[in-house]
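Asker: Here is what each chain is made of, one letter per residue.
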Amino acid sequence: MNRAMALMRRLLALLRGDPQADRAVPPTGFTARLTLFTAAAMAFLAVFALALSTATGRLAERWGAELARTATLRLSAPEGQMAAQTATALTILAQTPGVASSHALTPEENRALLEPWFGPDLPVESLPIPQLIEITLEEDGFDATGLRARLQAEVPGAVLDDHTRWRAPLTLAASRLRWLGVLALGLIALSTAAMITLAAQAALAANAQVIRVLRLVGAQDVYIARAFVRRFTLRALWGAMGGTAAGLTALWMLPAADTTEGFLTGLGFRGAGWLWPLLIPPFAAITAFAATRAAALATLRAQS
Amino acid sequence: MQGPARWGGRATAARIEPAGRLRHKEGQAGGQAVIELRQVGMGYGGRRLFAGLDLSLQPGSFHFLTGPSGAGKTTLLKLCYAELRATEGQVMLFGQDTRSMGRDAVALARRRIGVVHQDCQFLDHLPLAENILLPLTVAGRRAEGEVHLPELLAWVGLSRRADALPPELSGGERQRAALARAVITGPEVILADEPTGNIDWDMSQRLLTLLVELNRMGRAVLVATHDLTLIRAAKAQVAARVLRLREGRLLQAGADL
Numbered sequence: 001m002n003r004a005m006a007l008m009r010r011l012l013a014l015l016r017g018d019p020q021a022d023r024a025v026p027p028t029g030f031t032a033r034l035t036l037f038t039a040a041a042m043a044f045l046a047v048f049a050l051a052l053s054t055a056t057g058r059l060a061e062r063w064g065a066e067l068a069r070t071a072t073l074r075l076s077a078p079e080g081q082m083a084a085q086t087a088t089a090l091t092i093l094a095q096t097p098g099v100a101s102s103h104a105l106t107p108e109e110n111r112a113l114l115e116p117w118f119g120p121d122l123p124v125e126s127l128p129i130p131q132l133i134e135i136t137l138e139e140d141g142f143d144a145t146g147l148r149a150r151l152q153a154e155v156p157g158a159v160l161d162d163h164t165r166w167r168a169p170l171t172l173a174a175s176r177l178r179w180l181g182v183l184a185l186g187l188i189a190l191s192t193a194a195m196i197t198l199a200a201q202a203a204l205a206a207n208a209q210v211i212r213v214l215r216l217v218g219a220q221d222v223y224i225a226r227a228f229v230r231r232f233t234l235r236a237l238w239g240a241m242g243g244t245a246a247g248l249t250a251l252w253m254l255p256a257a258d259t260t261e262g263f264l265t266g267l268g269f270r271g272a273g274w275l276w277p278l279l280i281p282p283f284a285a286i287t288a289f290a291a292t293r294a295a296a297l298a299t300l301r302a303q304s
Numbered sequence: 001m002q003g004p005a006r007w008g009g010r011a012t013a014a015r016i017e018p019a020g021r022l023r024h025k026e027g028q029a030g031g032q033a034v035i036e037l038r039q040v041g042m043g044y045g046g047r048r049l050f051a052g053l054d055l056s057l058q059p060g061s062f063h064f065l066t067g068p069s070g071a072g073k074t075t076l077l078k079l080c081y082a083e084l085r086a087t088e089g090q091v092m093l094f095g096q097d098t099r100s101m102g103r104d105a106v107a108l109a110r111r112r113i114g115v116v117h118q119d120c121q122f123l124d125h126l127p128l129a130e131n132i133l134l135p136l137t138v139a140g141r142r143a144e145g146e147v148h149l150p151e152l153l154a155w156v157g158l159s160r161r162a163d164a165l166p167p168e169l170s171g172g173e174r175q176r177a178a179l180a181r182a183v184i185t186g187p188e189v190i191l192a193d194e195p196t197g198n199i200d201w202d203m204s205q206r207l208l209t210l211l212v213e214l215n216r217m218g219r220a221v222l223v224a225t226h227d228l229t230l231i232r233a234a235k236a237q238v239a240a241r242v243l244r245l246r247e248g249r250l251l252q253a254g255a256d257l
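Chains as they are written, first to last, in the UniProt record's numbering: chain A, 1 to 304; chain B, 1 to 257.
Next up, chain B with everything else stripped away, as it sits in the complex:
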């Protein structure tokens, strides 16, 4: 793996950035939140997972979301890219209330969000390169992605695996490929659900470094994880806020992290 600096840092990031998309530079906070949850509640089959939850992801911010298994971390992330609809409160994507967004509007909003799913969510019949290009393919912008694909594959250390099918990849390769797919559109926010769940420590560090680098390029990052070691390692590199989801409430984590 060549590492994020080799992928090109600012210059490369600027090339893959859609025109006018990136409104805030590195580390810049304030302005309109890219994703905002206002008094959001969520229940499943009579069980209330959380309620009265507020969260604002500003451009250039870095958040960790932690909490015990079953606390609702994945659900909260799904609310953030409108795969689920909140049962209470408002979820705002780029200033739009998801309650008033149709399916097409949600699809367009998702093109501005890069998601690293816990289970990666690839199309198993397509080679890795095709999977990584998929967000641009569906947006009719595939050509621009093809230009930068080799560079992006090198950045995530998958240059030699471009033609492999997803089932042929290791857990770490899948996670890195998922990250590559998440960033190929130049999204304004990156949501990662347990991105280091299936990989070893060394690979976790590499992934973390990629996320930190993206954050430095101005992307808002929200990582759901129960891996406290990863959070501590990240805090050494970036000013990350740690949120703890516990007993239906979202709290600022203490200094112990």
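Same shape as in the complex, but just chain A:
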């Protein structure tokens, strides 16, 4: 607790700064611009990586939940027997434990289902389309093997699809996408640290004479490092704030997400999820603080 308080005090002191100490190191143009640009660009990308990660997380949950709670019965029967077999199948389903409801799709629903592939004028009534029965399951699920056995005996043309073979790869893909998003965030953080380290090293090298003078008048390494660390931390913070704002604006301008629409339109945040990107600027500042401090102290050690 005490250590956390001490760290907090140090961070606040760093942000508050010492104007006189800051002035000891002259501002260096290109490293300032490089740090600002890098932090802004990385924050922009981080917003999208975060959005990707949360969107795929939602998608995985949605796919998993939806597919897990439904099953489909496909019924093929000779002409004239379809209605009877459908009624039998519905009766069996109504008697099956774990089945909440079942619904035989009407020709209109079949047409709507096929419309994306064949257009709106498909004469489904004249086509040998199997009868589809949509099954909604209770939370605990049902005994698919037992149901298959009974259907085989009483409705030989019925094929039960419990969606297992669809659900597993879809949720796996979504889960991997989510981790790719997290990995992208990690890579962005590492790249930010690397770029800021390089910029800090360039600034330190450009100010070798300033550092020499500061040392000659009795400045300790921490004092010299602090002037650079504060400068780079604030630049990273400002840059990341700009990049995050730009990223959020770009996301906000994407078409509104809808559960029935595709994945890309779902790329974004929901509700309190919009607060997640607000963590990016402080995270960028902490990354810059750690990277610059390590670079500064290493360079000062090497220069001594």
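In case anyone wonders, no lab produced these hints; they're calculated from the structure. Bear in mind the structure is a predicted one, so any value in this text is a computation, not a measurement. Backbone N, C-alpha and C define an ideal beta-carbon position, used for all residues, glycine too. Some hints here could point you the wrong way.
Stated by the list, open to error - If the Cβ cut is set under 10 Å, some of the chain B residues that face chain A in the computed set are:
1. Arg103
2. His117
3. Thr137
4. Val138
Add chain B to chain A, keeping to what the hints say.
Answerer: Just chain B now, with coordinates in the frame of chain A:
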């Protein structure tokens, strides 16, 4: 320039002196040396500059270090404030062996040493006043320096140049500013490397007077110079020892000086 007496003599010096720092009064010798070199040797790239060198700077002492160009005067001074590390022997700063001192310990020791560098070593982007306050700024004691800065600037005759940037200053102004920066912390020892190298005789005399005044306040002073006229002028004002660095040895200069 108002001259050292106008700057305030004892009273002002006592005000800028950190509490408990000055242990020896004017002209007092003896006690622990502030800087001591014991059998020190130094070599550069296979060339041996000097060896077996002994030097002890007592509080209140005044030394001149002379010798031909390239003899190692600047190197010896750099050893005295640990910018360089001796290749042989011991360099003691305030009783501590520099071989066992880390960078932070060296930085703290340097706050007790005022150095007037040959090339002054200013931060060119900061005004003169900021440069003079720099040793106190890095030590977190800037406020106490700001109180006495006008007086100190007047002492070195730079009151009107406080806002000038170092590149805008003349050689003499830079040397005086370097001296002001060297003394602002109330150091126990002042090391000056060719402080009159770039200035005319009149200005040299003024600088010398400042150094003598500081010595009378109890500071140990070591001035590296090849200016024999300056040494003769100083000997008329203060009991200065003259050391000659020649062919790698440090010798007491003869009465000809």
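Asker: Decide, hint by hint, whether the structure agrees.
Answerer: Hints and how they fare:
1. Arg103: At about 5 Å, which falls below the 10 Å cut-off, the nearest Cβ of chain A leaves the hint on B/Arg103 intact, so it holds.
2. His117: Check passed: Cβ of B/His117 comes within 7 Å of chain A, closer than 10 Å.
3. Thr137: holds, 5 Å
4. Val138: Constraint on B/Val138 satisfied, holds at 4 Å.
Taken one by one, the earlier hints all hold for this structure without exception.
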